[in-house]
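**Student:** Letter by letter, the chains look like this.
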Amino acid sequence: METIMYLWGGLSEVITPSNLFIVLLGSLLGTLVGVLPGLGPTSAIAVLLPVTTILEPAQGLMMMAGIYYGSMYGGSTTAILMNIPGESSSVPTTLDGYPLAKMGRAGSALGIAAIGSFSAGIIGLLGLVLFAPFLADQALKFGPPEYFTLMLIALLVLFNLTGYSLRKSILMGLFGFFVSLVGIGMTTGMPRFNFGFSFLTGGFDMVSIIIGLFAITEVLKGLEEDRTARKRVKIKRVYPTKKDLQQSKNAILRGSLLGFFLGILPGISATITSFLSYDLEKKLSKQPEKFGKGAIEGVAGPESANNATSSGGFIPLLSLGIPASPPLAVLLAALMIYGLTPGPLLFEQNSQMVWMVIASMLLGNIFLLVLNLPLVGLWAKLTEVPFGILAPIILLVSVLGAYSVRNSMFDVTVAIIFGILGYLFHKFHWPIIPFVLCTVLGPKIESSFIQSMEMSSGNLFIFVERPISLAILLLAVVFLVISIFLMKRTKKRLMQETGEKMEFS
Amino acid sequence: MRKKSLRAAIYSFILAVVLAACSSSTTSRPSTSGGNEKQELAYPTRQIELVVPFAAGGGVDLAARAVADYLSEKWGEPIVVTNKPGGGGIIGAQYALKEARPDGYTVLVNNNSSTTMYEAGNSNPTLTIDDNKFASRIAGGALAFGVKADAEWKDLKEFSEWVKKNPEKLTWASVGPSGFSAFGVAEWLKAIGADFKKTSMVSSEGAADSTAKVAGGHVVLAVHTVGELAALAEAGKIKLLAVSSDERNPLFPDVPTVKELGFDQLTVQWWTGLSFAPGTPDEIVKKWDEAVGQMQNDEAFIEELEKIKLEPAYLNSSEFAKAVKEEKERYTKLAEEAGIRK
Numbered sequence: 001m002e003t004i005m006y007l008w009g010g011l012s013e014v015i016t017p018s019n020l021f022i023v024l025l026g027s028l029l030g031t032l033v034g035v036l037p038g039l040g041p042t043s044a045i046a047v048l049l050p051v052t053t054i055l056e057p058a059q060g061l062m063m064m065a066g067i068y069y070g071s072m073y074g075g076s077t078t079a080i081l082m083n084i085p086g087e088s089s090s091v092p093t094t095l096d097g098y099p100l101a102k103m104g105r106a107g108s109a110l111g112i113a114a115i116g117s118f119s120a121g122i123i124g125l126l127g128l129v130l131f132a133p134f135l136a137d138q139a140l141k142f143g144p145p146e147y148f149t150l151m152l153i154a155l156l157v158l159f160n161l162t163g164y165s166l167r168k169s170i171l172m173g174l175f176g177f178f179v180s181l182v183g184i185g186m187t188t189g190m191p192r193f194n195f196g197f198s199f200l201t202g203g204f205d206m207v208s209i210i211i212g213l214f215a216i217t218e219v220l221k222g223l224e225e226d227r228t229a230r231k232r233v234k235i236k237r238v239y240p241t242k243k244d245l246q247q248s249k250n251a252i253l254r255g256s257l258l259g260f261f262l263g264i265l266p267g268i269s270a271t272i273t274s275f276l277s278y279d280l281e282k283k284l285s286k287q288p289e290k291f292g293k294g295a296i297e298g299v300a301g302p303e304s305a306n307n308a309t310s311s312g313g314f315i316p317l318l319s320l321g322i323p324a325s326p327p328l329a330v331l332l333a334a335l336m337i338y339g340l341t342p343g344p345l346l347f348e349q350n351s352q353m354v355w356m357v358i359a360s361m362l363l364g365n366i367f368l369l370v371l372n373l374p375l376v377g378l379w380a381k382l383t384e385v386p387f388g389i390l391a392p393i394i395l396l397v398s399v400l401g402a403y404s405v406r407n408s409m410f411d412v413t414v415a416i417i418f419g420i421l422g423y424l425f426h427k428f429h430w431p432i433i434p435f436v437l438c439t440v441l442g443p444k445i446e447s448s449f450i451q452s453m454e455m456s457s458g459n460l461f462i463f464v465e466r467p468i469s470l471a472i473l474l475l476a477v478v479f480l481v482i483s484i485f486l487m488k489r490t491k492k493r494l495m496q497e498t499g500e501k502m503e504f505s
Numbered sequence: 001m002r003k004k005s006l007r008a009a010i011y012s013f014i015l016a017v018v019l020a021a022c023s024s025s026t027t028s029r030p031s032t033s034g035g036n037e038k039q040e041l042a043y044p045t046r047q048i049e050l051v052v053p054f055a056a057g058g059g060v061d062l063a064a065r066a067v068a069d070y071l072s073e074k075w076g077e078p079i080v081v082t083n084k085p086g087g088g089g090i091i092g093a094q095y096a097l098k099e100a101r102p103d104g105y106t107v108l109v110n111n112n113s114s115t116t117m118y119e120a121g122n123s124n125p126t127l128t129i130d131d132n133k134f135a136s137r138i139a140g141g142a143l144a145f146g147v148k149a150d151a152e153w154k155d156l157k158e159f160s161e162w163v164k165k166n167p168e169k170l171t172w173a174s175v176g177p178s179g180f181s182a183f184g185v186a187e188w189l190k191a192i193g194a195d196f197k198k199t200s201m202v203s204s205e206g207a208a209d210s211t212a213k214v215a216g217g218h219v220v221l222a223v224h225t226v227g228e229l230a231a232l233a234e235a236g237k238i239k240l241l242a243v244s245s246d247e248r249n250p251l252f253p254d255v256p257t258v259k260e261l262g263f264d265q266l267t268v269q270w271w272t273g274l275s276f277a278p279g280t281p282d283e284i285v286k287k288w289d290e291a292v293g294q295m296q297n298d299e300a301f302i303e304e305l306e307k308i309k310l311e312p313a314y315l316n317s318s319e320f321a322k323a324v325k326e327e328k329e330r331y332t333k334l335a336e337e338a339g340i341r342k
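Here the protein sequences come in this chain order: W and Y.
The opening position of the first sequence corresponds to residue 1 in this note's numbering, with each subsequent residue numbered one higher.
The opening position of the second sequence corresponds to residue 1 in this note's numbering, with each subsequent residue numbered one higher.
Partner residues aside, some chain W positions facing chain Y, computed with beta carbon under 8 Å:
(1) Ile184
(2) Thr187
(3) Pro443
(4) Gln451
(5) Met455
(6) Ser457
Please keep in mind that the hints were generated in silico from the structure rather than gathered at the bench.
Please read these numbers as outputs of a predicted model, since none were measured by experiment.
C-beta: ideal position from N, C-alpha, C; glycine also.
Kindly produce the complete structure, drawing on both the sequences and the hints.
**Tutor:** Shown next, in the form of structure tokens:
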């Protein structure tokens, strides 16, 4: 197995004091932002992106990946202790996690959630290791038309997933695409849509837009909602009992496999898989009446599923350059800043770095498991930090982050404008995820379309004449049908459990 | 309600303070006048960004990484290479020359595509060579013609015959309509008497992207330096039809030179070099030029260049600027004849 050798090589490079420190720092920071209300993984990665550019590219990516999976761990803590799902994918965790906590079994729930997340992370990584060489073999066969159909379809499927009407999603996507057009043309080298302003010639910086939409918007939302810290439940025991483990073993395995295999498909989000897993466990259980009142399987399954989906998401990200969720979209932007164009060629041209990052994810998951169980009490205390202290810190870091990308005040203005826009979008129920994805993928979509047209002398049939491209289109129809079906189901379940419409990812 | 408005007021105050801090740091640029000549130049004191306006893995990128490794060790400050591809190198160049602060901590690694060729190919260019303060040329390379490994042609001669008959079937990859490859192709087509306008360009982000497209059969021809084509040629995925150097390349002794095949008017040569934004202090540019000059006398660096398959081609600031100007005039003529100039 060649890939095992690569992974081994990656591991041996990660094991240096400075690399280990970076991985540790990333996963701890991730847990922290996952626990703190008002700062999700997307804004955390976006805000810290400029900071990571002082690191070597491999280290920067290891840290950002750590923030990503660390925040997944952290999110479950607030869901269980305070009944606050940090993200929509944690909603199923609250259903049984919070009742368990009220029964004095918070430790069991947290412990099982951590173990479930860990094993799901490992299964996801195994999948990545097995899947990568297959894609790398196909690398050169992917030309511009294949990329174009792939991205177009992925976007369409993702649009369907926002929880809002398809029409609103497409409009927001087009708006995002328009924003990405501003600046110097990808293929022509000439400025466009700058309306004669020289500050627009360089285009919008993705990072400042993302900082605005996620971090600054969050501060504005918090101001309005007047968030006060909610009482949390006391933790008695941190480690789950043998009986808990026995009960959740199968749920963890099922959740991981379900999450991973659905997670590879573009457009299946962690929210979908965690709800599916919750319902699956309920159906398989001998005592379905216990669900909702404190069934440990109801925590184990969804927690494993959403983590497996997140690590499964790295496969389309690294091998095809398609982000399945906003935090992955920011990671994609980061990869591009570091000069790594995700896609089949990434494994061929930068295999050393890719395997180093993959190996670091393995270690990071181990760190999280080892650290999170004993530290659970500390994380729980952190949830009490009042928003009044957090908000100014978020604002400060956001402004500095946006400024430091290109050392320009223009980017700070952009971040603030998009922060206000993001708040308005939220208030009037317009989805921002299609906007972000289109801004990030816009230049790539544009250039692969133009390249396809250059190859075929302007013949649009090139997209259906090439076998791989045609296969992608046909598969897309199948995915779209599946995802519309799953989506309807998930929307209904979210309504049932939270009683409100949520944008989810 | 009062509490809320108080909080809003506090936040807006914090925001205002931070904004003020940021904007004052833009205006307080380091003084560019060398008032105190005798004082040792305190540069670099922090991280330097080396901007490569092309995708990673191409010749410019590899040269930039070699320079970054060498000088960061020498100066004891990190030098980070960032890739900003697109727009034929203009997106990255615009960033380094116009958007970044001209304090010497953002350095552009240029080549023909983003300078002379871009200006030659556009009658109304966004950036001109006058927007560059040229520091030094680092390396050069002869170009080679590469096609997919299982293509039917044995050498450039056979390929030329095919192109003359089927110009509309020829697609070639280039970072832009006025990129390095475009000039290489235009010069060759002019030499064999084929119609450049009938062929079509497929835009790419850099040599690594172009060669992958040729190896995958998406584009027919890639014209790049031998070094840029070497990886996929050695892997048996690309076939080299000719090299345009005077002698055969030691890496590929079986590939004939263009001269051997009977072409002799091919002069397009590739180079890469460093430039700064016009407002950059002279002392800093001089420090870089001296450092690059010394570097070229160091065996270790020359070995690095050999590893990435580039040839040393150092020119100091004034020679470099002169060579660039001369090249621009030559290419403008070629661009007008071939119809590249827009």
